[in-house]
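Student: Going down the list, the protein sequences come from chains A, B, C and D.
Numbering that gives the first Met the number 0 applies: residue 0 is where the first sequence begins, and numbers increase by one.
Numbering that gives the first Met the number 0 applies: residue 0 is where the second sequence begins, and numbers increase by one.
Numbering that gives the first Met the number 0 applies: residue 0 is where the third sequence begins, and numbers increase by one.
Numbering that gives the first Met the number 0 applies: residue 0 is where the fourth sequence begins, and numbers increase by one.
In short, the hints are calculated from the structure, not lab data.
Check each hint, because a few of them may be wrong.
[Said to hold, decoys possible] Derived, one-sided and incomplete: chain C residues facing chain B with beta-carbon distance under 10 angstroms:
# : residue
1 : Gly26
2 : Ile70
3 : Pro86
4 : Trp87
5 : Tyr91
6 : Thr202
7 : Val206
8 : Arg299
9 : His301
For each residue, glycine too, the CB sits at the ideal point set by N, CA and C.
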Amino acid sequence: MITQQQKIRQECMVIVEQKEIADSIFELTVEGALTEEMSAPGQFVHIRVADSYEPLLRRPLSVASIDFEHSRFTMIYRAEGRGTNLLAEKRAGDALDVLGPLGNGFPVDKAKSKAFLIGGGIGVPPLYELAKALNKKGIETVHILGFENKKSVFYEEQFRELGDTYIATVDGSHGTKGFVTHVLDRLPADFDTYFSCGPTPMLEAVQAAYPEKQGFLSYEQRMACGIGACFACVCRTTKSETDYVKVCSDGPVFAAGVVIS
Amino acid sequence: MITQQQKIRQECMVIVEQKEIADSIFELTVEGALTEEMSAPGQFVHIRVADSYEPLLRRPLSVASIDFEHSRFTMIYRAEGRGTNLLAEKRAGDALDVLGPLGNGFPVDKAKSKAFLIGGGIGVPPLYELAKALNKKGIETVHILGFENKKSVFYEEQFRELGDTYIATVDGSHGTKGFVTHVLDRLPADFDTYFSCGPTPMLEAVQAAYPEKQGFLSYEQRMACGIGACFACVCRTTKSETDYVKVCSDGPVFAAGVVIS
Amino acid sequence: MIDTTVSLPGLELKNPIIPSSGCFGFGKEYARLYDLSQLGAIMVKSTTVEPRLGNPTPRVAETASGMLNAIGLQNPGLQKVMEEELPWLEQYDVPIIANVAGTTTEDYVEVAKAISQAPNVHALEINISCPNVKEGGITFGTDPAIAQQLTQAVKAVSRVPVYIKLSPNVTDIVSIAKAVEAGGADGLTMINTLLGMRLDPKTGRPVIANMTGGLSGPAVKPVALRMVYEVSQQTSLPIIGMGGVSNVDDVIDFLSAGASAVAVGTANFVNPFICPEIVNQLPEKLQELGYDKVEELVGRSHRLCVR
Amino acid sequence: MIDTTVSLPGLELKNPIIPSSGCFGFGKEYARLYDLSQLGAIMVKSTTVEPRLGNPTPRVAETASGMLNAIGLQNPGLQKVMEEELPWLEQYDVPIIANVAGTTTEDYVEVAKAISQAPNVHALEINISCPNVKEGGITFGTDPAIAQQLTQAVKAVSRVPVYIKLSPNVTDIVSIAKAVEAGGADGLTMINTLLGMRLDPKTGRPVIANMTGGLSGPAVKPVALRMVYEVSQQTSLPIIGMGGVSNVDDVIDFLSAGASAVAVGTANFVNPFICPEIVNQLPEKLQELGYDKVEELVGRSHRLCVR
Ligand SMILES: Cc1cc2nc3c(=O)[nH]c(=O)nc-3n(C[C@H](O)[C@H](O)[C@H](O)COP(=O)(O)OP(=O)(O)OC[C@H]3O[C@@H](n4cnc5c(N)ncnc54)[C@H](O)[C@@H]3O)c2cc1C
Ligand SMILES: Cc1cc2nc3c(=O)[nH]c(=O)nc-3n(C[C@H](O)[C@H](O)[C@H](O)COP(=O)(O)OP(=O)(O)OC[C@H]3O[C@@H](n4cnc5c(N)ncnc54)[C@H](O)[C@@H]3O)c2cc1C
Ligand SMILES: Cc1cc2nc3c(=O)[nH]c(=O)nc-3n(C[C@H](O)[C@H](O)[C@H](O)COP(=O)(O)O)c2cc1C
Ligand SMILES: Cc1cc2nc3c(=O)[nH]c(=O)nc-3n(C[C@H](O)[C@H](O)[C@H](O)COP(=O)(O)O)c2cc1C
Ligand code: FES
Ligand code: FES
Numbered sequence: 000m001i002t003q004q005q006k007i008r009q010e011c012m013v014i015v016e017q018k019e020i021a022d023s024i025f026e027l028t029v030e031g032a033l034t035e036e037m038s039a040p041g042q043f044v045h046i047r048v049a050d051s052y053e054p055l056l057r058r059p060l061s062v063a064s065i066d067f068e069h070s071r072f073t074m075i076y077r078a079e080g081r082g083t084n085l086l087a088e089k090r091a092g093d094a095l096d097v098l099g100p101l102g103n104g105f106p107v108d109k110a111k112s113k114a115f116l117i118g119g120g121i122g123v124p125p126l127y128e129l130a131k132a133l134n135k136k137g138i139e140t141v142h143i144l145g146f147e148n149k150k151s152v153f154y155e156e157q158f159r160e161l162g163d164t165y166i167a168t169v170d171g172s173h174g175t176k177g178f179v180t181h182v183l184d185r186l187p188a189d190f191d192t193y194f195s196c197g198p199t200p201m202l203e204a205v206q207a208a209y210p211e212k213q214g215f216l217s218y219e220q221r222m223a224c225g226i227g228a229c230f231a232c233v234c235r236t237t238k239s240e241t242d243y244v245k246v247c248s249d250g251p252v253f254a255a256g257v258v259i260s
Numbered sequence: 000m001i002t003q004q005q006k007i008r009q010e011c012m013v014i015v016e017q018k019e020i021a022d023s024i025f026e027l028t029v030e031g032a033l034t035e036e037m038s039a040p041g042q043f044v045h046i047r048v049a050d051s052y053e054p055l056l057r058r059p060l061s062v063a064s065i066d067f068e069h070s071r072f073t074m075i076y077r078a079e080g081r082g083t084n085l086l087a088e089k090r091a092g093d094a095l096d097v098l099g100p101l102g103n104g105f106p107v108d109k110a111k112s113k114a115f116l117i118g119g120g121i122g123v124p125p126l127y128e129l130a131k132a133l134n135k136k137g138i139e140t141v142h143i144l145g146f147e148n149k150k151s152v153f154y155e156e157q158f159r160e161l162g163d164t165y166i167a168t169v170d171g172s173h174g175t176k177g178f179v180t181h182v183l184d185r186l187p188a189d190f191d192t193y194f195s196c197g198p199t200p201m202l203e204a205v206q207a208a209y210p211e212k213q214g215f216l217s218y219e220q221r222m223a224c225g226i227g228a229c230f231a232c233v234c235r236t237t238k239s240e241t242d243y244v245k246v247c248s249d250g251p252v253f254a255a256g257v258v259i260s
Numbered sequence: 000m001i002d003t004t005v006s007l008p009g010l011e012l013k014n015p016i017i018p019s020s021g022c023f024g025f026g027k028e029y030a031r032l033y034d035l036s037q038l039g040a041i042m043v044k045s046t047t048v049e050p051r052l053g054n055p056t057p058r059v060a061e062t063a064s065g066m067l068n069a070i071g072l073q074n075p076g077l078q079k080v081m082e083e084e085l086p087w088l089e090q091y092d093v094p095i096i097a098n099v100a101g102t103t104t105e106d107y108v109e110v111a112k113a114i115s116q117a118p119n120v121h122a123l124e125i126n127i128s129c130p131n132v133k134e135g136g137i138t139f140g141t142d143p144a145i146a147q148q149l150t151q152a153v154k155a156v157s158r159v160p161v162y163i164k165l166s167p168n169v170t171d172i173v174s175i176a177k178a179v180e181a182g183g184a185d186g187l188t189m190i191n192t193l194l195g196m197r198l199d200p201k202t203g204r205p206v207i208a209n210m211t212g213g214l215s216g217p218a219v220k221p222v223a224l225r226m227v228y229e230v231s232q233q234t235s236l237p238i239i240g241m242g243g244v245s246n247v248d249d250v251i252d253f254l255s256a257g258a259s260a261v262a263v264g265t266a267n268f269v270n271p272f273i274c275p276e277i278v279n280q281l282p283e284k285l286q287e288l289g290y291d292k293v294e295e296l297v298g299r300s301h302r303l304c305v306r
Numbered sequence: 000m001i002d003t004t005v006s007l008p009g010l011e012l013k014n015p016i017i018p019s020s021g022c023f024g025f026g027k028e029y030a031r032l033y034d035l036s037q038l039g040a041i042m043v044k045s046t047t048v049e050p051r052l053g054n055p056t057p058r059v060a061e062t063a064s065g066m067l068n069a070i071g072l073q074n075p076g077l078q079k080v081m082e083e084e085l086p087w088l089e090q091y092d093v094p095i096i097a098n099v100a101g102t103t104t105e106d107y108v109e110v111a112k113a114i115s116q117a118p119n120v121h122a123l124e125i126n127i128s129c130p131n132v133k134e135g136g137i138t139f140g141t142d143p144a145i146a147q148q149l150t151q152a153v154k155a156v157s158r159v160p161v162y163i164k165l166s167p168n169v170t171d172i173v174s175i176a177k178a179v180e181a182g183g184a185d186g187l188t189m190i191n192t193l194l195g196m197r198l199d200p201k202t203g204r205p206v207i208a209n210m211t212g213g214l215s216g217p218a219v220k221p222v223a224l225r226m227v228y229e230v231s232q233q234t235s236l237p238i239i240g241m242g243g244v245s246n247v248d249d250v251i252d253f254l255s256a257g258a259s260a261v262a263v264g265t266a267n268f269v270n271p272f273i274c275p276e277i278v279n280q281l282p283e284k285l286q287e288l289g290y291d292k293v294e295e296l297v298g299r300s301h302r303l304c305v306r
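Isolated chain A, as found in the complex (with noise of 0.2 angstroms):
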C-alpha cells in the first residue's frame, strides 16, 4: 500500500452542479479548497448528507475526476438508500459538508506503457480521473466497463475519448451480454498493469483471470470514520494470519493478491 500523508480537511463546500446521468445515477460536482489536497485517482471523500442525526453517518464517495484549475471535483453515485437519495435532493448553489480527500488512490507510477481499466457499477468513476491521469503519462488505455443495462450506463464517450471502451451489461441490452470478465476472456491481455473497481466478486474475478499481471483493485467496506480510526473496515491479507489493512486509510487502493476479501 502507498502511504500519502496528505492533509485531511473538512470543508463546506458549494455544489457546482448536479445531474441524473443514467438511471439514479448522479454527476455531481462540488468547488472548494479541499480539492486541492488531492493527491492521486481513486481517493475517496466522505460526506455528510444532512446536517440531522438521521442518517447519522457520512457517505464515502470516490472521485471521479478533479478540475484543479477552479478548484472542483467530480463525484459519480448511484442514488440507492437514504443517504444517496437525499445527496441526489440537493441543487446547485446549496453547500456541502466534505472530508477528504481520504485514503491512498491507485499508483498511477507503476503502470509501464498498457493498462487495462476494469469496473463495475458504481466502481466505474473513480477509473475516469486514472484513465486521465495514465492518458497524460503517455499510457495506452483499455476501459471494460459492466453496468447492470443500457439504463444505467454512464460516461461511455468520456472513456473512449481516452482509448478503447468495451461496455457489458448484464442484460445484454447494450454491448456484450454479461460480466466484465466475458469481455476480458476475449481481449488480449497484452498489457502491463490492471486497475480495477467494482463488486468484491468482480474484483475476485478480475484478479483471477490475471494472476501473472501487476494489478490494483480498490475495494468497498462499510465504514464510519473514514480515517482509520474506528477498525470498521478492516480486511485480513495475505502477508500472514494476524496481518490486517483499514480499507478508509491503507486502502481503498491495494495491489493484487493482498486482501482477503
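Since chain A is already given, all that's left is putting chains B, C and D with the ligands on it; use the hints.
Tutor: Here is chains B, C and D with the ligands on its own, set in the frame of chain A:
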C-alpha cells in the same frame, strides 16, 4: 368547550409564500384542500417539518388567517428550536405535510358588541383571523398585543385596520413598556367578551384582571398526537378533582375559569 | 393472492398490524380518520381498576429519532372502559387486545377478570413494564419470579389468552420471557419503552415533569429487534413485536426477527394514517420479497443466521 | 475568565472533553487533523493481553440517529500498545486514560498492571461492558458481585486510579455502580453501548456480521443521561458521562445530570473536529448560562429536582 366534528385531513400542501416579518418571526402561507375544513379562528394544524426521524414529532401551529377563496391559510411562528428553524428554511413551491384542522377555535358567536383581543408573542397570530371574523359580524375589536421588543412586533398595521390596537413591549422599545396588563390597567373595561392567547402567565393575569367578564383563552401544551389519543396535553379543570381536558382536542380554546394551568 | 392473516392464541388477525397501547386511546380519535376495521387488532390504552389522572405535564419530550413519555397511565378506569369504551368499539370488525395495568397483583387480577369478559376483547396484554408509574408496574417486569406469579394469577382469571408485555430495561429479557412462559402466558408483546431522560440545557431541568420517561420511536428499534430476535429463539411463545415501527420495512424486520405480528406506537403521532398505509403496502411488499403468506416470513432471520 | 478545568482522581483535566474509547484509536488519525493537546484527556482503544483481530465485517450499521458496531475489540495487544502507541502519544500534553479489556480476571489484571505503569497513563478505564465479544466481558458488567471482584483485583495492581465502564444493558445500573464502588473503584465511566440489531429487510439477514452490535450515538442519549442522573445521586464516585454527546449542549446536559466530565464517541465519525470544537465553545456556553466554572454545573439537575 365547543366540539366541532370537522374532518381532519393529512395533506401534502404547497407553500405559497414564506417570509420573515419580524425578528425570527415567519409568515408562512400554504395552499390546499385542507383549508376548506376549517371552521373557526383559533384552530391549529400539526406540521411535519422534515421527512426525517429527526425531528420526529409534528409541530403545532395556529392558523393566523384563512383565505377560503384560494384555499390558502397563513401561519405565523417564531423560529426557535430545531423544528421551527427547519421550517423556516422552506421556500415557496416546497411541499409541506400538514395535519388539520385540529381543535376547536374561538366561539365567535359569544361576543355581543365589543371584544378585547389580548395576545402575547406567538399567541398573537390566531387573534388576527379572530379579529377579522368578529369585525365581519359587526363586533368592535380592540387589540392589546405584547411583544419582547420593537424588533419582534408583527402585524401591527393589520390589526390597526380592524380596530384600536395597543402594543406593549417588555423593554419599552415600542408602545407601552411592560406587559399587556400594563395596557389593560389603563383601558376602560367597556367590552363584553375577551379573547386571549399567549404564554400561560399572561393568560392567568388576564383572567385575574377581568374576573367578571366572559372570556375565552387559548392554551398551549406539549403535544404528541395532536388529535386527542395520547393524553400528552391534558390539563386539570376547576370542575372537579378528577376532571381534565385535552388541549389538543377539547381546546386549545377554553372559557375563562375552566382550565387549571 | 397474498395471505396477510395471522393466527395467534385468541386472535385471528386479518393482518399483523396493530396500533400499540397508549398510542391509540380507545380508538375514537383515529376512527375519525379511517375505518378501524382495516386493522389487524387494536391494543387499547392501559386500564386500571380506578380512573387515573396520570402525571403532571409536560408529559412528552422529543429526542433524536424518538420521544419520551410519562403519561402515567391516565385512563378512565375499569368501569368506564367496560361500559363505554369497549362497547363503542364493537361497531368495528376488529379484535381488541385489552391492556391491563396495576400496582398490585390484586389490581391486575381484578382488571383482567372483568375486562376479559367483554365480548370484543380477544386477548389481554398485561403491562408489567410501565416505567412511568412510581408505585409499581416496573418491578413486575424486571423480576422473573414476580413476573411468573403475576402471569399465573392473571391466567387463572382470564377468559381469553394472556400476552405479557415485557420491559426492555432488564439485563436478561430471555429469563423474564421464560418465567412468564412457565407461568402459563399465551404470548408476549415487546418491547415497552426504555427508561430515559431529557434535560433543558438552559436550565438543567428535566423537560418531563415526571423527570424520567419512556423512550420510544425509531431510536429504540435496534434494541427492540435484538430482543425479539433473542426471545423468539428461546421461548415457544408467539410475539407481537414493537419498538420504532414506522413503515412496512420495519414490519418486515420484526417478522423476520421472529415476531408473529407487529404493533405501531409512536409512528401514529407522526403519521396518523400509518397503520392503514402499512396494511395496504404489506401484500405488495411480501410479493416483492417472494412470500405468499405473512406467516412464512416469521423468524426467517433465525434460519439465515446459524451461528 | 471561565474555568474549564476538572479535577478527578488521577486526572487534572484542562477541560471536560474526552474522546471515548474505540472511537479515537490511539490518537494517530485525529492527530493529523488537530493538536491532541487541546483535549481534556484521551480514552484510547480497549487493550487486551494478546493482539485481537476482532469480528468479521460488516462491523458497523447505521440506525435512526445512531449506529451499531461490533468491532470486537480489535487492538494490537498489550505489548505493542506499551511499546508503540502510548510512547507515541507522549509528545502531546494530554493525560491518557487506558482502556482495559479481557475475558478473564487474569487478563484484566495483567493488562491493568502493565499499562498503568506507562508514564502518560493517568487512569485506567476498565471495560466490563463490551457487548461484542462472545467469550466474556459483558458478564463482568451485568453481575454486581463479579463486577466488584474484578474491581478489587484490578485496583490491587493498578498504579493509577481505576474507573469502571458500566454497561447500560442491565436492570439496575445503580447496584452495579455501588458494587464497584465497594470494590474500590475511583470513578465510573458510562455508558457503553446498548445491545441492538439491524436487519436487511430485503434478505432478513443481520447487517452486522456478528449479528448484534452495540448501539451508540444521539439515539441513546436519553438512556445515558437517565443513568448518569440516577447513578450520580446514589454513589459518591465521579462519573465520566457519555452516550450520544454531539455538541456543547449535550455536554451541558451530562454535566447537569451529574457527570464530572464527558466523553465523545460516535460524534467523532460525523464531525472529526467535534472535540476541539466543543472545547472552544464551552467557555462561552458557560458564560451564557451564568457559570464561571465547569465544576459548578456538575449535578445541577439534582438540586433542581427534589422529588
Ligand atoms: C471507498 C468507497 C468509495 C465509494 N465510491 C462510490 C462512488 O463513487 N459512487 C457510488 O455510487 N458509491 C460509492 N461507494 C458506495 C457508497 O458509499 C454507498 O453506495 C453509500 O454509502 C450508500 O449509502 P446510502 O445512503 O445510499 O445507503 P444506506 O443503505 O442508507 O446506507 C446505510 C449505511 O451503510 C453504508 N453503505 C451502504 N452501502 C455501502 C457500500 N456499498 N459501501 C460502503 N458503505 C455502504 C452507508 O455508508 C451507510 O453508513 C463507495 C464506497 C466506498 C467504501
Ligand atoms: C395549539 C398550539 C398552537 C400554537 N401556535 C403557535 C403559533 O401560531 N406560532 C408559534 O410560533 N408557535 C405556536 N405554538 C408553539 C409552537 O408549537 C412551538 O413553538 C414549537 O412546537 C416549537 O418547536 P421547535 O421545533 O422550535 O422547538 P423544539 O425545542 O425543537 O421542540 C421540541 C418539542 O417540544 C415541543 N414544544 C416546544 N415548545 C413548545 C410550545 N411552546 N408549545 C407546545 N409544544 C412545544 C415541540 O412541538 C417539539 O415536540 C403553538 C403551540 C400549541 C400547542
Ligand atoms: C405516549 C405513549 C403512551 C404509552 N402508553 C402505554 C400504555 O398505557 N400501556 C402500555 O403498555 N404501553 C404504553 N406505551 C408503550 C407503547 O405501547 C410501545 O410499547 C412503545 O411506545 C414502543 O413502541 P413505539 O416505538 O412504536 O412507540 C406508550 C407509549 C407512548 C409513546
Ligand atoms: C466503533 C465503536 C467502537 C467502540 N469500541 C470501544 C472499545 O473498544 N472499548 C470501549 O470501552 N468502548 C468502546 N465503544 C463504546 C464507546 O466508547 C462509547 O461508550 C459509546 O459509543 C457511547 O458513546 P457515543 O454515543 O458518544 O458513541 C465503541 C463505540 C463505537 C461506536
Ligand atoms: S472506517 Fe474507521 S477505520 Fe476505516
Ligand atoms: S396531544 Fe395527544 S392527546 Fe393531545
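Student: Does each hint hold? Answer for all of them.
Tutor: Evaluation of the provided hints:
1. Interface hint status for glycine 26 of chain C: upheld, as the beta-carbon distance to the closest one in chain B is roughly 9 angstroms, under 10 angstroms.
2. Nearest Cβ of chain B to the Cβ of isoleucine 70 of chain C: about 5 angstroms, under the 10 angstroms cut. The hint holds.
3. Interface hint status for proline 86 of chain C: violated, as the beta-carbon distance to the closest one in chain B is roughly 19 angstroms, over 10 angstroms.
4. Interface hint status for tryptophan 87 of chain C: violated, as the beta-carbon distance to the closest one in chain B is roughly 14 angstroms, over 10 angstroms.
5. Violation of the interface hint for tyrosine 91 of chain C is found here, the shortest Cβ-Cβ separation to chain B being roughly 16 angstroms, above the 10 angstroms cut-off.
6. The restraint placing threonine 202 of chain C at the interface with chain B is violated, with a minimum CB-CB distance near 14 angstroms, outside the 10 angstroms limit.
7. Below 10 angstroms, beta-carbon pairs count as interface contacts, and valine 206 of chain C has one with chain B at about 8 angstroms; its hint therefore holds.
8. Of the supplied interface hints, the one on arginine 299 of chain C is violated, with its beta-carbon coming no nearer than about 25 angstroms to a beta-carbon of chain B, more than 10 angstroms.
9. A hinted interface residue such as histidine 301 of chain C counts as satisfied when its beta carbon comes closer than 10 angstroms to some beta carbon of chain B; here the least separation is about 28 angstroms, so the hint is violated.
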